[in-house]
Every structure is written in C-alpha cells, then in structure tokens.
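*Asks:* As they're listed, the protein sequences go chains A and B.
Those letters in the first sequence? Residues 673 to 912, per this note's numbering, in order.
Those letters in the second sequence? Residues 673 to 912, per this note's numbering, in order.
Errors might be hidden in some of the hints.
Identical copies go unnamed one by one, so any copy, or any two together, can satisfy a pair.
Stated by the list, open to error - Calculated cross-link-like contacts (lysine-lysine; reagent style BS3-like; alpha-carbon spacing at most 27 Å): (1) LYS807 - LYS792; (2) LYS846 - LYS794; (3) LYS807 - LYS794; (4) LYS899 - LYS841; (5) LYS904 - LYS792; (6) LYS841 - LYS750; (7) LYS792 - LYS820; (8) LYS792 - LYS766.
No lab work stands behind these hints: they were computed from the structure.
Spelled out, the chains give:
There are 2 protein chains.
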Amino acid sequence: TLIEQSIERPATATSRLTGLRFTITAGPTREALDPVRYLSNHSSGKMGFALAAAAAAMGADVTLISGPVQLATPAGVKRTDVISAQQMHEAALKAAVNSDIFIGCAAVADYRAAEVATSKLKKGSSEQLQLNLIKNPDIIAAVAGLTKQRPFTVGFAAETNDVLSYARKKLTSKKLDMICANDVSQPDAGFNSDQNAVTLLWQGGEQTLALQSKAALAESLITLISKQFSNKSTTSEANK
Amino acid sequence: TLIEQSIERPATATSRLTGLRFTITAGPTREALDPVRYLSNHSSGKMGFALAAAAAAMGADVTLISGPVQLATPAGVKRTDVISAQQMHEAALKAAVNSDIFIGCAAVADYRAAEVATSKLKKGSSEQLQLNLIKNPDIIAAVAGLTKQRPFTVGFAAETNDVLSYARKKLTSKKLDMICANDVSQPDAGFNSDQNAVTLLWQGGEQTLALQSKAALAESLITLISKQFSNKSTTSEANK
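From just these sequences and the hints, can you work out the full model?
*Replies:* This is the structure in structure tokens:
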C-alpha cells in the first residue's frame, strides 16, 4: 500500500512537507497550588520534540508549544514555552488556526487548584488536607471543535489499561482525525524512555508501530499523519 | 572572628573536612496520585548538589539523597535516588545515624495522596474534584529528634514571606542545630536559579550570605556549618 511504501522509504526528500504548517504540543503542564507546590503529569517531552524535529527535517513549518521540560529546541522549530494548561490552551488555539496539522502530544493536567495561594501555604497540624480542584480546558477537543480554520487534529491517549478501547472512544468523542494510543504501563516505552511503541487510529483504520527509538517512531508518525491529511484534503476537494 | 576568617580563606586545604561524614538531601519529592499524575514542589536540586560538591571537595565523606532532578552526581559523592517523601524519609534516617552532619536541603512534599490509584484515573464529567491528602513524615524533625546516633542537624526553610521569623520558629520547634532561611519569592534566587542568597540561623546567632553563585554559597555554608558543629562537639566534650 501507499502508506507502507512511504514508511519504508528513507527520508531523503527533506522538502516533501514544504509549505505544510504543523503545531505540536509537548511535555507536561504544571498547575500551581501555591508558589512552591504544584500538580503535574509525567512527561519528558521527548515524543513531542521528536515529532517536531521529524516534521521540520521533512521541510514543514513547525510551531512547538512546550510545557516545562529539559530539552533543546530541534533545528528549524519555532518554540513557545508555557507552564500551565490554561497558558497552553491559549497558545495552542492561537497557533492552531494558522496550522494545517495540529498534534496534541502534551500531557496536559486535567485539573488545577480551584484557588492558587499567592504565599506558601503553611502545613498546620492537620494530618489530612482536602484539595479542591477544577477542570482545565480540554485543548485537543477545543482545537478539533473549531468551526473556522480547523486544522487536521491528532491527539495522544496515554493509558495504562484498555488502551485501544479508550483511544478509539476519544477519537470519536473529541472529533479527532487521528489518535495515537500509547500504553504507558510498559516500562520500556512512553514517559522518560527514549523508545516508544504506539498504535495510530483513525476512522476506518489503524496501524501499530513496534517499539523503536522516538526519533524513528516520530518520522513514521509524521509520514502517516501527513498522508492521512493529504487523503482527507483530496477527498474534501473532490466533494466540492 | 574565627568564622569570618574561615569564610575568607580560599579552599586550598582540600582535606580540612577529612573524616567528617555528611548526609545531604536535595531536590523535590514526587507524590503519585496515579501512574501519570503527581504532586510536587519546585526544586532543581542545584543548592543541595552544590553543598554535596563543596563538602566532598573539602575532603568530607558525603552521601547525597536526591529526589528526581536533572543533575550529574558531584565528584566523590555517594548518591541515592528516591522519588517520594516516604522513600526519602527511609533513606535519610538510614544514612543519618551514620553521619556527623545532616543537611536537609530537599523540598519534601508535605502531603501525599491518601490513596494512590494503580491505573490512570479517568477524568469523568465532573467540573470539580476533591483530592484527599495525608501528611508525609517530617524528615528533618525525625533526624533532629533521634535519641541515639543523632547527627548535627541543619534544615532549610524556603519561604515567601516572614522568612526569618518562620525559619527561627522552625529552628526551635524542630530542635535543629542550624537552619538556612531562603526567601524563594526573590526571582533571582532559589529554585531554578544558579544563584542564591540565604541567612543561616542558630541559637544565639545568624549570618546573612548575599546573592552569589550556589557553588560559592555552598562553600561558605559548609564552612560555617562545620565550624558550628566543631564548636558544639568541643563544648559537649568539655561538659563531660
């Protein structure tokens, strides 16, 4: 098939994505409880940075929106740093409307503190504490739900159980074009590892990519995503 | 005074702390909520690692107990990595009883989740979430409260307001020998910065160390702490 050919073909054509505009989110977000404490998610940012590097190496115009990580900006990538989910939401929507393809790879915190203390909370003598949290904006659903200037939208589902089932539910409920299912219960994949294995799902198809370096995986994912985007654009044009 | 002389003297005598055993904690702790989410504190670990490096460079035998940080182990330092406050508590007490001086520089999370989910919590439709937390062990108070093999115990107080007042209260309430007060509301000091300014307090004295590199500050702190330890040991001997 065309897809398999494009995966197997080495990335010699560095300009094959020229003109294509990607926005990619990466890393965790941090939700402050007070000036010293925060709530966060495990995420090294490596997968999102690898995707940005791969797309840029293929000639795409890449905006990378990153939470707090310890990684260098890939060559040719325009980077915006954020801390919280609200900041990432704002930056992502601003960039998304000027993008062809949006990939939400960040591990965004679902909840933030209902109230953020401006000075350090004192521990007190209580053995227990109740923290009141409120839901953060759902960035990927917001992008996929855009009615104007909506980019082709790809999400990530980091799950520990029933991975494919949860991922396919998210694909539909969030109206995504594709979703990348990542089983983060595997010790040699996901999070801080330099390797990962994922299954990319879309309406009517899926493709499993075996354990490999995040750099190699990113190249395959960018190729598959671009191909699917291109198919969808062609179909849309044909239906006009 | 003797103290000022020892600070001003360059650290040419690399063996002046030979035979002295330090245990130093550094970095944040992470308290898992589920396999992907956690609660943590801001801390790069730089101050604790600088203290370990300075003590080792002066010839001391140094055990460094570190939370999750992105830092290389200083030369000559024995390092133990931990994640949670409970793990740090266990490692710290084990090392403390074989130490002359214990410095608690880690930003330990005061609370952890009352229950840790073994699979990823699903967000659900609720706009609000209550997180039930329980208090973590107070590591520095546990070390200072040892009745046998108690090391000379030095704490850190990272505060955003009434810094010296809170630090002096902690010095007394936790029965510490010294405490290092750190105003983390200053943007050019503390946390992720390579510089810091602190005030070291003890019963009957204090010394402020102006903004400088964490490496230079660490050398002054190790010198002041060792001097105070030596004074106390001499007094104890004299009183026997």
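*Asks:* Given identical chains, is LYS792 near LYS820, meaning Cα to Cα at most 27 Å, within a copy, between copies, both, or neither?
*Replies:* neither (43 Å within a copy, 34 Å between copies)
*Asks:* 27 Å Cα cut-off: does LYS807 pair with LYS794 within a copy, between copies, both or neither?
*Replies:* Both. Shortest intra-copy (25 Å) and inter-copy (12 Å) distances satisfy the 27 Å Cα cut-off.
*Asks:* Checking LYS841 and LYS750: alpha-carbon separation at most 27 Å within a copy, between copies, both or neither?
*Replies:* So LYS841 and LYS750 fail the 27 Å test inside a copy (32 Å) and across (48 Å) alike.
*Asks:* What label fits LYS792 with LYS766 when the C-alpha limit is 27 Å: within, between, both, or neither?
*Replies:* neither (33 Å within a copy, 30 Å between copies)
*Asks:* Can you tell me if LYS904 and LYS792 fall within 27 Å by alpha carbon in one copy, between copies, both or neither?
*Replies:* The answer is neither: 51 Å in one copy and 33 Å across copies each exceed 27 Å.
*Asks:* 27 Å Cα cut-off: does LYS807 pair with LYS792 within a copy, between copies, both or neither?
*Replies:* both (23 Å within a copy, 16 Å between copies)
*Asks:* Can you tell me if LYS846 and LYS794 fall within 27 Å by alpha carbon in one copy, between copies, both or neither?
*Replies:* between (40 Å within a copy, 15 Å between copies)
*Asks:* Evaluate LYS899 and LYS841 at a C-alpha cut-off of 27 Å and name the case that applies: within, between, both or neither.
*Replies:* For LYS899 and LYS841, the Cα distance is within 27 Å only inside one copy (23 Å; across copies 64 Å).
In this structure, the hints that do not hold are numbers 5, 6, 7, 8, in rising order.
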